[in-house]
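Protein chains: 2
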Amino acid sequence: MENNKPLILISNDDGVISKGISALIRFLRPLGDIVVMAPDAPRSGVGCGVSINEPVMFQMIRKDVGLSVYKCSGTPVDCIKLAFYTVLDRQPDIIIGGINHGDNSSVNVHYSGTMGAVIEGAIRGIPSVAFSLCDHDADADFDPAGPYIRDIVEKVLERGLPLNTCLNVNFPNVKELKGVRICEQAKGIWINEWESFAHRGDSQFFWMAGEYKNTDPENENSDRWALENGYVAITPTLVDMTARELMNDLKSWF
Amino acid sequence: MENNKPLILISNDDGVISKGISALIRFLRPLGDIVVMAPDAPRSGVGCGVSINEPVMFQMIRKDVGLSVYKCSGTPVDCIKLAFYTVLDRQPDIIIGGINHGDNSSVNVHYSGTMGAVIEGAIRGIPSVAFSLCDHDADADFDPAGPYIRDIVEKVLERGLPLNTCLNVNFPNVKELKGVRICEQAKGIWINEWESFAHRGDSQFFWMAGEYKNTDPENENSDRWALENGYVAITPTLVDMTARELMNDLKSWF
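Residue numbers (this note's numbering), protein chains in the order written: chain A, 1190 to 1443; chain B, 1190 to 1443.
Bound-form chain A, shown alone (with noise of 0.2 Å):
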């Protein structure tokens, strides 16, 4: 009997064991069959990162009706990859990044692990959605976001996304949500970012701490502004980079 529930691949940056993706199985498990590949440890930070220079390896480490979870000693984008060449006997219908404990707006689109899973799932050609919620707790509440998260799951398996693009999701760490804002990227910029310290007196380490400064914070349109105003931010983000823009001008240079 062949199975025609929708395929849903999920990775996180945070680890196959933390709250944030645990709730996000739990919100997804009726929408279809479920296959979990994430990082065995935390990975938050590693951006859209591979392992060149060593071997990954990966386990199953649950078995369910409809729902397989594998850690993998990779990164999330690792993740993806290693799923299609081992685990995935179909293409996925979506794949689905988080839900990050902590903000993904803004430039942190380019640090996130979990936006890396889900930039490598666009650049494969499947709808992709990254969900963050602003709280970096261990313990973090994900249940506000959870009706969102399933409405947003089922209206892009219904609809499908263009080629090439992602959905980047945050929420505000707040009980009442106002609702959903389409978003750009705020404008932004980490500033303190390091503490340092002596270690047995010989040498200076550093520790990456920091704050984020919004330097577009006028922007009704950002993704800064609407969790900051208590909105759900879908940010529409693409695979291509390039300044359009700027390629007359630059043409002129030379």
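Hints were generated in silico from the structure; no laboratory data involved. Warning: the hint list may mix true and false statements.
Below, in silico cross-link-like pairs of lysine-lysine (DSBU-like), each with a Cα-Cα straight-line distance of 35 Å or less [claimed, not checked]:
1) Lys-1440(A) - Lys-1194(B)
2) Lys-1402(B) - Lys-1194(A)
3) Lys-1364(B) - Lys-1440(A)
4) Lys-1367(B) - Lys-1440(A)
5) Lys-1208(B) - Lys-1440(B)
6) Lys-1402(A) - Lys-1402(B)
Fit chain B to the known structure of chain A by using the hints.
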């Protein structure tokens, strides 16, 4: 006496002792003062990844007139962020990544640590340029690229780049370059990405391998087309990945 020479910050992902970064330093020394902060070991494929889960450190390894070289235990993006926090005594006039041993055109922009350094530069508002040669050989010949690199860096120093934009410059592996083409990012995908092997017989390990497949080979505006036809490919690249054309359509979904 104040120093009015341009300040050039350099990083890469092949590591501070690679031939490509040495060639870059040699080509650019006549143009300004140079600070190098580059990984202490190869970090290819780490994209915009940052080190969140471990501390990083750096160390000076060379000091000369107008040239300081530091090695850093982190990623290329860490290198840029740490240079700003520690060793730079003024804003750099330009940030350069490379010269990368290997092609960073098309979708490789997402995986490349060299492009990561340059995207970080653009996020920080500094004109930033990545240079890559389509030759992975550790002893690749970077000399044909030299005059182009100097010309491009001189032009960017003189004219700047729009905020949140950087240049991704790729050189074909040929002796006689045919000139410059201003390009858009080619559509493509990696296939046959893994080689598996058993280790001690008890598990499967996977090494990343694969071949790049251009899925848009007829597009004469693409960076891949330029490279395959002997041209230097300059792809202007945006920090802002918003899919603006999709925004109105998405608004009708909710």
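Hint by hint, here is what the structure shows:
| no. | hint | in the structure |
| --- | --- | --- |
| 1 | Lys-1440(A) - Lys-1194(B) | holds (27 Å) |
| 2 | Lys-1402(B) - Lys-1194(A) | holds (30 Å) |
| 3 | Lys-1364(B) - Lys-1440(A) | holds (23 Å) |
| 4 | Lys-1367(B) - Lys-1440(A) | holds (15 Å) |
| 5 | Lys-1208(B) - Lys-1440(B) | violated (50 Å) |
| 6 | Lys-1402(A) - Lys-1402(B) | violated (39 Å) |
Violation of the numbered hints given earlier is confined to hints 5 and 6; the remaining hints are satisfied by the structure.
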